[in-house]
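The listed protein sequences derive, respectively, from chains A and B.
My numbering puts the first residue of the first sequence at 104, with every later residue one more than the last.
My numbering puts the first residue of the second sequence at 43, with every later residue one more than the last.
Bear in mind the hints are in silico, worked out from the structure with no lab data behind them.
Quick reminder that beta carbons are idealized off the backbone N, C-alpha and C, glycines included.
Among the clues, some could well be false.
Covered, in the sense of this in silico footprint (three residues per stretch, anywhere, with C-beta under 8 Å from a C-beta of chain A), are these stretches of chain B [stated by the list, open to error]:
1) 78-90
2) 202-216
3) 243-252
4) 279-292
From the structure, some residues in chain B lie toward chain A, with a derived Cβ separation under 7 Å [as the list claims (entries may be wrong)]:
5) Gly-118
6) Asp-124
7) Asn-138
8) Thr-142
9) Arg-149
10) Ala-151
According to the in silico footprint, chain B covers these stretches of chain A (three or more CB under 8 Å from chain B) [said to hold, decoys possible]:
11) 110-121
12) 124-135
13) 164-175
14) 184-196
15) 205-214
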Amino acid sequence: MSWLIKSSIGRKFVQSISGLFLILFLLFHMSMNLVLIFNYETYNFLANEILGANWWAIIGTGVIALGFVVHVIYAIILTLQNRKARGSNSYASSSQTKTPWSSQNMFVLGLFILLFLFLHLYQMWYQMQFKELFMIEGARHDGAQLVEEVFSHLWVVIVYVIAFIALWFHLTHGFWSALHTVGWNNTVWMKRIKVLGNIISTVISLGFILVAIAIYLGYSNLLG
Amino acid sequence: MDKDINIKVKVWRQNGPKEKGHFETYPLENISQGSSFLEMLDILNEKLINEGKETVVFDHDCREGICGMCSLYINGHPHGPDEGVTTCQLHMRRFNDGDTITVEPWRSAGFPIIKDLMVDRSAFDKIIQAGGYISVNTGSAIDANAIPIPRDDAEMAMDAAACIGCGACVAACKNGSAMLFVSAKVSQFALLPQGRVEATQRAKSMVAKMDELGFGNCTNTGACEVECPKNISITNIARLNREFLKAKFRD
Ligand code: HEM
Ligand code: SF4
Ligand code: FES
Chain A
104 MSWLIKSSIG RKFVQSISGL FLILFLLFHM SMNLVLIFNY ETYNFLANEI
154 LGANWWAIIG TGVIALGFVV HVIYAIILTL QNRKARGSNS YASSSQTKTP
204 WSSQNMFVLG LFILLFLFLH LYQMWYQMQF KELFMIEGAR HDGAQLVEEV
254 FSHLWVVIVY VIAFIALWFH LTHGFWSALH TVGWNNTVWM KRIKVLGNII
304 STVISLGFIL VAIAIYLGYS NLLG
Chain B
43 MDKDINIKVK VWRQNGPKEK GHFETYPLEN ISQGSSFLEM LDILNEKLIN
93 EGKETVVFDH DCREGICGMC SLYINGHPHG PDEGVTTCQL HMRRFNDGDT
143 ITVEPWRSAG FPIIKDLMVD RSAFDKIIQA GGYISVNTGS AIDANAIPIP
193 RDDAEMAMDA AACIGCGACV AACKNGSAML FVSAKVSQFA LLPQGRVEAT
243 QRAKSMVAKM DELGFGNCTN TGACEVECPK NISITNIARL NREFLKAKFR
293 D
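Here chain B stands alone, though its shape is the one from the complex:
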């Protein structure tokens, strides 16, 4: 049964990218365990507004786990303690009366803090712009079954395409590596005939952009896979390595 709980939230407050941040602890009373984590933060912000204080800034949009906008490092886990969910899908039932919940922004050199819990993830957009697309003139849409695709390939491509670009993989990684994200975005095309045409160039360009933006070297710790809300598999990273090495050896 859901109860109402009293909690403390320890939130990272930071005024701007260059400012020094600190933690602020706010007590909250009678939070329904049926509410979502972000609703809890909404309640906190309402309270802060009523007290005439500045609200806590955090990213969110769809609130149903599909847009990749929400972030938050909660009690030592990106997207909180639940497996396979985004922060917006996390519920207060995962917490107990009297808990102190620590809420931090993604911390990685590739994702500088903008304010409080909001970080700049435009690096991911830049990686996508470097090659995360197919450039064919499609005309009007053709019959989906015109190109036969093995079922397993289609499934794996769909699994890779489930990545919402939230950045939890980078946030979880001790190396600040973006390989899980990039490998998912390379795989979703590399597995399909339409994507094969530009596969070589795509792998090279996206990895080059990723390196240029200062993300780390993947050492296969697997932290990304554990924390990914979409359960993207690190076998995608092996595929990216394969694509990249093949491309380089062909040069």
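Bound conformation, chain A alone:
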């Protein structure tokens, strides 16, 4: 299995599988957030009883964290190697080759997402699962109310919106690139995969953004 670190395609394979895994997680996370718009009680039930600090939720969190760590470590390896392969001589007539902006800025977009992630983990996960797990004072079980408090600050909403726009750019390239890397592409599927990637990126980003804005404006817990 050493080819997963030693060969370029192996490294790209790990990057794409971890990326696709994170996309699946985000789809799930986004769907669960939508519940907040309708009913806080249901959300808290899901968060405490189905997830919470149960062993399966802890394992789940661990796997997701591992996915993130692998993705970020490989991102750093890939980016450093690629800069070295490109060499230190830059072109004076800067590249005029037309390529999608996001494909040129995957690492920067990723770094931005990572910074956002730290804020997000501190605001939400640390207050709930982490504190409960390590018996820290003040663990929150009213997740929905916590989210409402967090999203009552305009700056938080703005930061979230920007972060998910960055994610949108990351995924519009990332999704089709990942399928291309695992070899699932040809002249016929290229267009389809790109369209599908745009749809998935938009659904994920828009879903997260909508919930944040809806809560800020008071359009949440509508059936509560």
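Given chain A, put chain B with the ligands in place with the hints provided.
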């Protein structure tokens, strides 16, 4: 109508692989727009010879777009601003009176500069030597139609085989990746029954050599496909990924 134009060419001059390079700007007068880009450089070199100066070194051979010897990064594009042509097929009609044209060598760690605009592309030869062939004892040539091949496969194999190994893909790539070249060279065999026999080993060996020579990891930016003079499609890269992953999972 083709006119005669006055231009300035800003050329990268570098004495040797280890020396520091710099740009030198040369004015040229009355260049016919009907002449080719390399003819323009010939005129420049003739002028330099007459002035007793050292000529600008650049690669070229067939001058009809088939050998892959010419290179040059012109105004921000490998092989210049035209689509689907090599530098030797580029004409001065693409430029206007008063233009300053910037001419640089391929810049990539995999292609070290030899002198001025000439770079060392022997890395590509080494990748080919690692497996870019079929090793069957053919005897006398057999009837071309003896092995039936689906038309689409034959067409795709021919499209991949159009790659002339010029290296523009590497020059265009922000990752210094050679994947378009390697994928074309793997695909031209992988699509045909004669090439299938050694397909697994070929994909593994050529990718291993490519990595060993320090080319980058492909992140599918697509710059290579845009600048390739032979319009090699990046779907070949997906095929190479497929071939390589299949080979590794079979091990
Ligand atoms: C929720 C978060 C994220 C998701 C869903 C995600 C998803 C993806 C996907 C699907 C790919 C394509 C893989 C491929 O082409 O093989 C990718 C590539 C990449 N990601 Fe992420 N990613 C996320 C976060 C991050 C973070 C935090 C970083 C870095 C600090 C990062 C950096 C990169 C880099 C450098 C690439 C490779 C560039 C490329 O292949 O074009 N990503 N990501
Ligand atoms: S793939 Fe295109 S750009 Fe790359 S070496 Fe072949 S012909 Fe040149
Ligand atoms: S000189 Fe042969 S392809 Fe340009």
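Okay, the hints, checked on the actual structure:
| no. | hint | in the structure |
| --- | --- | --- |
| 1 | 78-90 | violated (count 0) |
| 2 | 202-216 | holds (count 3) |
| 3 | 243-252 | holds (count 3) |
| 4 | 279-292 | holds (count 11) |
| 5 | Gly-118 | holds (3 Å) |
| 6 | Asp-124 | violated (12 Å) |
| 7 | Asn-138 | violated (16 Å) |
| 8 | Thr-142 | violated (10 Å) |
| 9 | Arg-149 | holds (4 Å) |
| 10 | Ala-151 | holds (4 Å) |
| 11 | 110-121 | holds (count 7) |
| 12 | 124-135 | violated (count 0) |
| 13 | 164-175 | violated (count 0) |
| 14 | 184-196 | holds (count 11) |
| 15 | 205-214 | holds (count 3) |
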